[in-house]
Amino acid sequence: MARPVNVMRLNLPVTNVEHTFPPDPSAKIISVTDTKGIITYVNDTFVQMCGYSREELLGKPHNIVRHPDMPAAVFKLMWDTIQQGKSFMGIVKNRSKDGGFYWVNAFIIPIVENGRITGYESVRTAATRNQIACAEKIYARINAGKKISKRWYLLNAGSYALFLATAGYMVLDAHMFSSVPCLLVTIGIIGYNIYRKNHMLDLLSRKFDTSVDTVNSLIYSDRTGVESDVIYNIIYNIKEVDSIMTRIKETSEQIDDLATEGLLQHEQNINHVRSRTEAMKTILTEMNSIADDLAKMIAMVHDNSQQTVETSTQTSQLIAQGQNNSDQALAIIDGLYHSITQITTDIQELAANVDAIEQASRLIKGVANQTNLLALNAAIEAARSGEAGKGFAVVADDIRSLSTRTEQATLQIQSLILGFKKTAKQTVNIAKRNQEQAQDGVEHMHASHDKLEEVLQSVNNINTLISNVSKAVRTHESTAHDITKKVHKIDVMSKNTLTSTQDNLKQVQELQSLASMLNDMVTRFARKV
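Numbering (full-length UniProt numbering), first residue to last: 1 to 529.
Calculated from the structure, these hints are not laboratory results.
Careful: at least some of the hints might be erroneous.
Below, in silico cross-link-like pairs of lysine to any residue (SDA-like), each with a Cα-Cα straight-line distance of 25 Å or less [as the list claims (entries may be wrong)]:
| # | residue 1 | residue 2 |
| --- | --- | --- |
| 1 | LYS485 | THR282 |
| 2 | LYS451 | THR282 |
| 3 | LYS422 | LYS432 |
| 4 | LYS432 | HIS444 |
| 5 | LYS36 | ASN63 |
| 6 | LYS471 | ASP482 |
| 7 | LYS60 | LEU10 |
Computed beta-carbon distance windows for the label pairs [unchecked claim]:
| # | residue 1 | residue 2 | range |
| --- | --- | --- | --- |
| 8 | LYS390 | ALA352 | 43 to 53 Å |
| 9 | VAL455 | THR345 | 50 to 60 Å |
| 10 | LYS486 | ASP327 | 16 to 26 Å |
| 11 | GLY99 | LYS146 | 46 to 56 Å |
| 12 | THR345 | THR464 | 28 to 38 Å |
Think of the CB as a built atom: it goes at the ideal place given N, C-alpha and C, for glycine as much as any other residue.
Can you build the whole structure from these sequences, using the hints too?
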């Protein structure tokens, strides 16, 4: 495993200002690092003691708080120990951000996941003044290059010296004892007690599997030899249990805090859900009402469209009948047009014949005038002839009288011809106007016929559109029913959501209660430890 970065980091400047632990005896500094010593978690006490902000600590090497008075050999021993998967305990002097210092009783535990070390967890409590005094002396000797060794043999040597001195004294002062057996028994009891003590210490030492280093055993105990190792191991195991319980307690507190926060958040959420459910219920009621109204409107539109289809069909039939009537009227008007044209032609031919009669009448008038002139000449000649001409004069008078009547008749005929020509001309003009009107009527009837055809086509298109609308209305009618069903389904789902949220709230409340119980149990157990 790779060494952490900046092992020999030197943090300066330093002052002699000591920062003491908070007065609360349960106060502990807790931090977590990765395998390279980079800080990933710190608690509030750590931030309070070191003076750095949480942002300044996270992501930085843990030796940011290393004090120059701490020997490098101690940290080498620490890393050698924890990288082997073992816990380390030691008295450590740390540097705060302002250059001051604070002493801690540190216990570092490797974090193992799936058989692999993923980081380290450190739980630090306040060091006692005796531990601090011992650590200052020993660390000063190490920094001065002086050797630190155990003197455990002094205990054994002192014990045997005490045994021999006691035995010798008892031999010299034999008068103190009533007999030699009594002396031997006394010496045996003293020797047995010394043996029993050393044997028990040896058994206790073997009972612990923790390797004991000289420095820490001397710091944590003012004894020497096996007794020092036993005391260190006892403190080590108590500290290990305390560190584990501290971490469990902190985790349980975090769970309790999260559960409490989650409970509050969940209560807020359920209030929001309840209010939103009520609002949604109102909206769904309105939507349901709208859907019902929409269904009714769609049904009404469907009925109206059916009536419109029937009406438009009747209109189409009427238009078709109108087209037939228009065709018949067109045929009649067309026949009338041809009749008027024929009448006009006949009147024009009759006028031409009247002109011929007028010419004949003029010819007769001319003949009558000549006859009258001849009769007048004959009367004159008859008068000249005397008595012989009387008979001829009578004939001449008769001829002149006939000529006069003929002339008068001719004048009447001419007058009649003039009246007839005038009437014929007026009739021709009227016929032409009627012909023009008939032509206009034919054109209008053709235009009306075309318009009726267009109207019929439009009505047919309207019928098609209305049929499509009717089909669409039937489709939307089904959609409206689906909307009503979905609105009802959403209403049921919202009620189920509220019920589920309330059930989740009960579960969160139970979780918060369990977290509080766990926190209380851990607190009670930690106090007993």
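*asked:* So if I understand the rule, the pair passes when the alpha-carbon distance is 25 Å or less; does LYS36 with ASN63 pass?
replied: 11 Å, holds
*Would the pair LYS422 and LYS432 pass a check requiring their Cα atoms to be no farther apart than 25 Å?*
15 Å, holds
*Is the Cα-Cα distance between LYS471 and ASP482 25 Å or less?*
17 Å, holds
_Tell me if the straight-line CA distance from LYS432 to HIS444 falls inside 25 Å._
18 Å, holds
*Given the hinted pair LYS485 and THR282, is their alpha-carbon gap at most 25 Å?*
16 Å, holds
*When you check the alpha-carbon spacing of LYS451 and THR282, does it fall within 25 Å?*
Violated - the C-alpha atoms of THR282 and LYS451 are around 55 Å apart, more than 25 Å.
*Evaluate the given range 46 to 56 Å for the C-beta pair formed by GLY99 and LYS146.*
27 Å, violated
_Looking only at beta-carbon atoms, does the pair LYS486, ASP327 fall within the given range of 16 to 26 Å?_
57 Å, violated
_Outcome for the supplied range 28 to 38 Å, where the beta carbon pair is THR345 and THR464_ = 51 Å, violated
*asked:* Assuming the hint says 50 to 60 Å, is it satisfied by the Cβ distance from VAL455 to THR345 or not?
replied: Violated: the Cβ-Cβ distance is about 38 Å, outside 50 to 60 Å.
*asked:* Given the hinted pair LYS60 and LEU10, is their Cα-Cα distance within 25 Å?
replied: 15 Å, holds
*Range hint 43 to 53 Å: satisfied by the CB atoms of LYS390 and ALA352?*
Since the Cβ atoms of LYS390 and ALA352 sit about 49 Å apart, the hinted range of 43 to 53 Å holds.
Violated hints for the displayed structure, listed by number in ascending order: 2, 9, 10, 11 and 12.
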